[in-house]
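2 protein chains.
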Amino acid sequence: MAKKYLPPKKRLLSDIGEFGLIKILRAKCEVSSRDIIRGIGDDSAVINIKTGTALMTSDMMLEKIHFDLSFTTFYQLGYKILAVNISDIFAMGGTPRYFLLNLGIPRNYNSEDIDELYSGVLKIAKKFRVAVVGGDTCVSKGGLVLSGTLIGDAARVINRSGARPGDGIFVTGTLGDSAMGLMLLKKLGRHVHIQNSKFKKSPHPPFTKGGRGGINDILPLLKKHLLPDPAPLKNTSGITSMIDISDGLLIDLSHICDESNVGAIIYRDKIPLSKELVKTAERFSLNPVQYAMHGGEDYVLLFTAPSGIRIKNAVRIGNIIKKGRFLIDAEGKSATFKAEGYEHFK
Amino acid sequence: MAKKYLPPKKRLLSDIGEFGLIKILRAKCEVSSRDIIRGIGDDSAVINIKTGTALMTSDMMLEKIHFDLSFTTFYQLGYKILAVNISDIFAMGGTPRYFLLNLGIPRNYNSEDIDELYSGVLKIAKKFRVAVVGGDTCVSKGGLVLSGTLIGDAARVINRSGARPGDGIFVTGTLGDSAMGLMLLKKLGRHVHIQNSKFKKSPHPPFTKGGRGGINDILPLLKKHLLPDPAPLKNTSGITSMIDISDGLLIDLSHICDESNVGAIIYRDKIPLSKELVKTAERFSLNPVQYAMHGGEDYVLLFTAPSGIRIKNAVRIGNIIKKGRFLIDAEGKSATFKAEGYEHFK
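As given, the protein sequences belong to chains W and H, one line each in that order.
Under my numbering, the first sequence has 202 at position 202, and the numbering climbs by one with no breaks.
Under my numbering, the second sequence has 111 at position 111, and the numbering climbs by one with no breaks.
Calculated directly from the structure, the hints in this document are not laboratory data.
One thing to keep in mind: the hints can contain errors.
As the list claims (entries may be wrong) - With a Cα cut of at most 27 Å, we get these calculated DSSO-like pairs of lysine-lysine: (1) H:K28 - W:K346; (2) W:K64 - H:K270; (3) W:K23 - H:K64; (4) W:K234 - H:K50; (5) H:K338 - H:K322; (6) H:K141 - W:K346; (7) H:K141 - W:K187; (8) W:K270 - W:K333; (9) H:K338 - W:K9; (10) H:K50 - H:K186; (11) H:K234 - W:K323; (12) H:K23 - W:K346.
Claimed, not checked - Here are a few chain H residues that sit away from chain W, every Cβ distance over 10 Å (derived from the structure): (13) L150; (14) D217; (15) D269; (16) R310; (17) I321.
Don't be surprised by glycine CBs; every beta carbon is placed ideally from N, CA and C.
With the rest of the complex left out, here is chain W:
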């Protein structure tokens, strides 16, 4: 039977050392499952696997590239590194199972920081029944490094390459919220202690002054950026292609077009926007549709399906065509689009 985990006293990592830290994490991540023969604590994890299709994905988050510690907590980082990996497994129509997390940690961190980070990992792990089975911890001289690998399985795999002319294009949630949340966080420039849709401490955001809107307007946007919650498509029968929106709608749709060798039409006014996004964009005189098309980090699913198929919990935003990539505005005017969004090195 698993012993109750007691969080360690706050101590410098240079005092407890790598092996002291591993001992703490091993106790914290202990799972009892018939399939997991061995989790953290040996040269590798040992898992009982059944015949079928395995999915393997890996995603990295680097300080000053993917996150800024001046407005992201360790808890939120831990939550997000697993969330983005889960999103990749959902994008293949799969179920996430086993997670390995590598951490490169600056020498001056303490045990509480890493304990908090793992609390975030375990929060979302529990939600999606993922087991944390291994990883590597080491010192970093180049800021905090998080590198996660997630193993899953799937009864039916959905690739990026199956879209066909005539298919509808669908998304499973509102777009642009995360990018707008990031914009707000940059303006705030400090931590917002939300865990689980609730503020842990009062954030006193400057945006509440002067009656220009309350905290309720921005909370869902901040949460979408800091604690994204991917959701699987429950019924994938008939779905021809799928991807998760991480780099932005237009760039991720372009991946489907490239892999499927097809074109696409998107109707700008069909792209689902949250009322919070619209309200915040208005307040700051920004275009919400730009955030929705290029923002990225939405972690909602983008998929295609033939017109006959009944689709629940998704919004049709366009159609797959033979060739060309077009955006249609509310007046029916057409413009071509390119794969614009977030791309590393560019």
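Position chain H against the provided structure of chain W, taking the given hints into account.
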């Protein structure tokens, strides 16, 4: 049928972008195997798996912590990140299968650097029949980051926890070579273009001057550090516990003692030393046994087995006892030892 891979022209990553780089790596890593439904190029890799025991391990290498680019080539880094992961799978008695590599790359690198790194990865991947099936590439502001995850399988898993009093303690190769190689590289302070035990270009090492020894004396030491070649134990029947020596003999043996709840006696003069280590240590007035006991990064296997078992290709260096950790010198004098070697944060 896989097309022949043509290395790309040397271009800045800021010109080709993340997706241009992924396209190059996808072509370079293409494998044709019935089990691999999809490698690089979708949200996750898709693999056909059979019922059995899966092994999952993950290891990270960070610039200025694990390596120094002033005396390590990209080829050697690529080779080593997979080598250290393979070593972990061998330490469990397993066979390595599928590899995912995450790279954090400084913005000013070019396509040739990453192509060279992947040539190193693919060299050792081919040697051990490992398929490179995925990963993540992104910009890093904190130096080069390599984070690898390796999936393997095993008919019989060997843990760290099965050692019993009376067992012999064995190692599968000479120790200390890699640490001495690192010492030499730090003195050299520049690249040595060895690939596959041969110098690609003449290294003109300063150590050849004055007739104090030729390049042949140091080549195997440099190679052990730059291009370590893990080797599996072919017959694991009867083996009670196993670990790979990455942090140093005494620290890794202590892991076996901790997990198995036993003690150990090591005979210092039984620890296998290469003639190159002995010769180089003599030349620089160093103690070769210190390098062998504390050096680390040997990537040879340390295991225990009952005395009755016939062991091939391994050297017995001591015995498992009930309690205590002792080093016996050539004169039979005994001293206790601690888990000393490389530990992050300390």
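These are the hints, each one checked on the structure:
1. Between K28 (chain H) and K346 (chain W) the CA atoms are separated by roughly 22 Å; this keeps the pair inside 27 Å, and the hint holds.
2. Between K64 (chain W) and K270 (chain H) the CA atoms are separated by roughly 50 Å; this puts the pair beyond 27 Å, and the hint is violated.
3. Of the supplied pair hints, the one linking K23 (chain W) and K64 (chain H) holds, its CA atoms being roughly 26 Å apart against a limit of 27 Å.
4. About 26 Å separates the Cα atoms of K234 (chain W) and K50 (chain H), which keeps this hinted pair within 27 Å; it holds.
5. Between the alpha carbons of K338 (chain H) and K322 (chain H) the distance comes to roughly 16 Å, so the proposed pair stays at or under 27 Å and holds.
6. Of the supplied pair hints, the one linking K141 (chain H) and K346 (chain W) holds, its CA atoms being roughly 14 Å apart against a limit of 27 Å.
7. Distance hint between K141 (chain H) and K187 (chain W) is fulfilled; the C-alpha atoms sit about 22 Å from each other, no more than 27 Å.
8. For the hint linking K270 (chain W) to K333 (chain W), the alpha-carbon distance of about 14 Å falls within 27 Å, and the restraint holds.
9. Pair hint K338 (chain H) plus K9 (chain W) holds up; C-alpha atoms about 25 Å apart against a cutoff of 27 Å.
10. Only pairs whose Cα atoms come within 27 Å are accepted, and K50 (chain H) paired with K186 (chain H) is rejected, the gap being roughly 46 Å.
11. Simply put, K234 (chain H) and K323 (chain W) have alpha-carbon atoms about 55 Å apart, too far for the 27 Å limit, and the pair is violated.
12. Proximity of K23 (chain H) to K346 (chain W) is assessed by CA-CA distance (about 15 Å); at most 27 Å being required, the pair is judged to hold.
13. The beta carbon of L150 (chain H) sits about 8 Å from the closest Cβ of chain W, which is not more than 10 Å, so the claim that it is off the interface is violated.
14. Once the 10 Å rule is applied to beta carbons, D217 (chain H) is consistent with being away from chain W; the minimum gap is 32 Å.
15. No Cβ of chain W comes within 10 Å of the Cβ of D269 (chain H); the nearest lies about 28 Å off, and the non-interface call holds.
16. The Cβ of R310 (chain H) sits about 25 Å from the closest Cβ of chain W, beyond the 10 Å cut-off, so the non-interface label holds.
17. Chain W leaves I321 (chain H) outside its interface by the beta-carbon criterion, the shortest separation being 22 Å against a cut-off of 10 Å.
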